[in-house]
Amino acid sequence: MYDRIKGFRDFYPGEMAARRATIDVVEETARGYGFREIGTPALERAELWTDKSGDDIVDELYSFEDQGGRHVTLTPELTPTVARMVVAKQQALSKPIKWFSTRPFWRYEQVQQGRQREFYQTNVDIFGSSEPEADAEILAWAADALTGLGLTGEHFEFRISHRDILGGVLESYDTDLDTDAAIRAVDKSDKLSQVEYHDLLIGAGLTADQAAEFADLIAGGDLEDVEAFADSERVTDAVENLQNVLAAAEDFGAREYCTISLETARGLDYYTGVVFECFDSTGEVSRSIFGGGRYDDLIESFGGQPTPAVGVAPGHATLSLLCQRAGVWPEEEVQTEYYVLQVGDTRTEAARISRDLRETGHVVETDVAGRSFGAQLNYADSINAETVVIVGEQDLENDEVTIKDMESGDQIQVPVDSFPGDLERPTIDDFE
RNA sequence: UCCGGGUUGGGGUAGUGGUUAUCCUUCAGCCUUGUGGAGGCUGAGACGCGGGUUCGAUUCUCGCACCCGGACCCA
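Okay, so the first sequence: first residue is 567 according to the numbering used here, each after it adds one.
Simulated from the structure, these hints should not be mistaken for laboratory data.
No incorrect hints appear here.
Here are the simulated distance ranges between beta carbons:
| # | residue 1 | residue 2 | range |
| --- | --- | --- | --- |
| 1 | G605 | D863 | 23 to 33 Å |
| 2 | F939 | D965 | 19 to 29 Å |
| 3 | R586 | F939 | 31 to 41 Å |
| 4 | Q776 | E806 | 18 to 28 Å |
| 5 | K661 | E613 | 24 to 34 Å |
| 6 | Q977 | G580 | 21 to 31 Å |
| 7 | G869 | R681 | 26 to 36 Å |
| 8 | T993 | Q633 | 54 to 64 Å |
| 9 | E973 | A917 | 21 to 31 Å |
| 10 | D590 | T718 | 17 to 27 Å |
| 11 | E581 | E720 | 24 to 34 Å |
| 12 | P579 | T993 | 21 to 31 Å |
Beta carbons: idealized from backbone N, C-alpha and C, even for Gly.
From just these sequences and the hints, can you work out the full model?
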């Protein structure tokens, strides 16, 4: 016996069937918006990450030197790869560029609930539009994908904010402020006590009074208050942009899932405008389900023409947790439409029937193990076969086969020549 | 990297410093070359790995691996 690698998972057919159904919903929703699927390498040059984030990040990468002496890494996220792809063909690609992909990523991290070292994400991005409609379309896609999975507004919410609101309000204090530290404090405020939160803000350079005032303002989430308080062009523009995105989201059917939450900061990295995170409304899944936002500077920083971008990337592990808590996770079982049961030397006829049934797109199994009647029926039951076609020597003597409905146990003899005939989905009901 | 809790056939479990490790389930075959979801019989299958203590360790002990939570982190 060999052990699995920690943080890597096997998916057996039952669970995989549920995952496949979920991925299909998410991807079909993206196709419906005209997002086009792309394929990307598992391995990239490590410089894609170390150049931007420093060598410390290597600790969290599955990176190594390959036989050609290249410093490579399993990709921990899609964004740099997509940015590279956009830059490489920037002139050739018609805008806006709307891409999606579902695939695994790898990070050497501590394993926790909803977080493995190999994990799957569906990335959905729009490049080449700075209009609020692009942000709203990302939100609308995410909302459609989740509702398509059977979730409702009772199960999830998008907490939405704008990077320039926090930054702009902080800027309006005329003190020497560590803005990044303050934003980091806001991002963590959920998990901190009020005292700890205020202490962090004070540590970033605010006075105690300012910290309390700032915390109240941000927690209040009232855009007009914020705008009036900061009284700066940057904040005014940000508020207007956020309101425009929400207005578009209204038309796109996603507004009802959005809550303004200025405490949502989404880290510090490449986000530049609207940011949002999806949360479990019941609070049972404590961390955010996924996040997204606008990153208008990234393409340029990868050597391309300035190109606005907005995207989101739901992880399938947290998505699965959310669906399970909500009771809408698909049944974890395999499905089979027909089992063609052979008794005696009936392979030729059984094969013909199996092939005919598969022609019309059905899942059809037949015996490949030389098993007895009882054992075959047992197996048919175990694979959830809906209909069993018994091709037996006795039936064939009368030029018949037996159709058996597995749920009711009812069965009926039908002429072998008329099965499956022209029927798309023959069941016992067609012959009674 | 750190903290807590775990690990006995495929799954779920009982138990013990010393005979053949308990029970349920599962799987395979048979009873039954013609009827699964009922029964009977037969069979398969486990003390996570390594070191230590001991005459003897699945049991005590240490380390490691893996699992479940959590902290940090989260591009």
